[in-house]
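**Student:** For reference, the chains in residue letters:
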Amino acid sequence: MLQQLHTSVEFQTVAKEIEPYLESGEEYYYINTNTKDG
Amino acid sequence: MFEIKNGIKKYDDRDETEVIEKLHSVTRTLPKNTSIKYVLRKGHPITAVLFTPEMLLEEMQLEIKTQMNIGFSKVESVGKFANGKLIEITEAWYSADGKVDKREWSYIVDELNVFVMSTNPKITHISIQIENDIFRIQSSPVVPGLTIEYIAEPENLDLDCNDLAAIYNFMESFSEAKRELAINALKKNPEFYQKAEQRYVNFIRTRLNDSNAGIERFEDAVLTKTEFKLFLGRNFQNDTISFSYFDDYKSKLVIDFVGSMIKNVINIEDYIAKAKTLDSEEDLVKLYDFSAKDVKKKIIKEISKSQEGWFSEIMRHIINLKLKKVLLNKTEIETAVRSPVMKEFMFFLNINSKTSIYIDVFQSEIPHFTEMFWMLRKVPDTSWGDVNKRIPESPLRFSRKARYNLEDGCGWESVVKL
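Top to bottom, those sequences are chains A and B. Using our numbering, the letters of the first sequence correspond one by one to residues 6 to 43. Using our numbering, the letters of the second sequence correspond one by one to residues 167 to 584.
Okay, chain A solo, but in the shape it has when bound:
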């Protein structure tokens, strides 16, 4: 599931979209849960 996620179009797209918000040298981490169906 994780490998599929990493290679998914959604994941790649979001990664590109988020890039401008990040600052060099900082590490961010986020924890998120899908609580809904579908």
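It is worth saying that the hints were derived from the structure and are not from the lab. A quick note: this is a predicted structure, and the numbers were derived from the prediction, not measured. Don't take each hint at face value.
Stretch by stretch, here's where chain A covers chain B in the computed footprint (C-beta under 8 Å, at least three residues) [what the hints assert, rightly or not]: (1) 187–196; (2) 202–211; (3) 274–286.
Calculated pairs, DSSO-like style, for lysine-lysine (alpha carbon to alpha carbon, straight line, at most 27 Å) [stated by the list, open to error]: (4) B:463 <-> B:361; (5) B:188 <-> A:21; (6) B:208 <-> A:21; (7) A:41 <-> B:416; (8) B:344 <-> B:251; (9) B:490 <-> B:442; (10) B:246 <-> B:344; (11) A:41 <-> B:251; (12) B:246 <-> A:41; (13) B:188 <-> A:41; (14) B:471 <-> B:391.
Ideal placement from N, C-alpha and C gives every residue a C-beta, glycine not left out.
Chain A is already provided as a structure; the job is to place chain B on it using the hints.
**Tutor:** What follows is chain B alone, placed relative to chain A:
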């Protein structure tokens, strides 16, 4: 749950929301109840790690400990679950000075739900205690290697089967064991069974969409504590019922309960049939006032039969609202208004008011008010914002006027229906 563990100072609110929404869109592609941790570094691919039950426990511990840092020395949390979903949580946060902050919410609701779904959806209780860096987690049933056995405090299950009020109190408790005892007591007493049926069966049938359901299905229709509190909370206060931000489930719950309460004491089709034969508004007002007074009297009598249960408490709260406004703001209500007791719900609106009820519909699914719209003491005033106006046809033999406002700056307009 969404958390920013690091770098929170690097975002302003708008940027933070953008990033959160984008990551949510990825999370939503995962199966339900999957927790994931994203690691982001500029110039590096995002990495994602799925949370195991062990990691969830660590996360819960970390979350609570972080919150304890503002002056708490001990936390006790007990969650109740049904079908893998948290239905009730109580927490006690102990300050170093001995004060206790009791809460019915938690920072770790999502982690608990995911933990239960990923280990054993049959879990009914989870208890967590944190004190002096010791983290203790119990569950029923136990999760081997992760939790120790949770033993619930014993309940007082003494029931006088000859006391109908005591049976109702057990029926309307939040204890499955008490409800089971109450239903068994009713089954052994045909007279009590019949009375209980009159009290509950319309609600059971409406809530379950099953016109043949009986008392034995009460357990499937029973409200959770959270649902019960919805009726007593800020959405039902003084002169207002607010459906604002309700999904269809919540909207239906409200219409079903209120409508069933009315259905217990009036045959709405008889009322409508009588109203249709009348030749004047004056006669309709007399019919409504007479019927509303009778309905209220019977409901108050029914409430008096049990003082403690959630069913009585909701009825008492609802019937005492001096309703003037019904608000629908970003409300999903399409399924709810198809409730078999929608007409009864509409009848209720004017029960404590001599004047027109104001119904405000803004950016919501368009409600269908049914023909009862025209048969209240006063025709409701309606306001329609960002939705198409929908006023039903009148079945009456005389004309009545309904005021409406389209929130376009033109003020109040009227429609007269014959």
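**Student:** Run the structure past the numbered hints and jot down the numbers of the failing ones, going up.
**Tutor:** none
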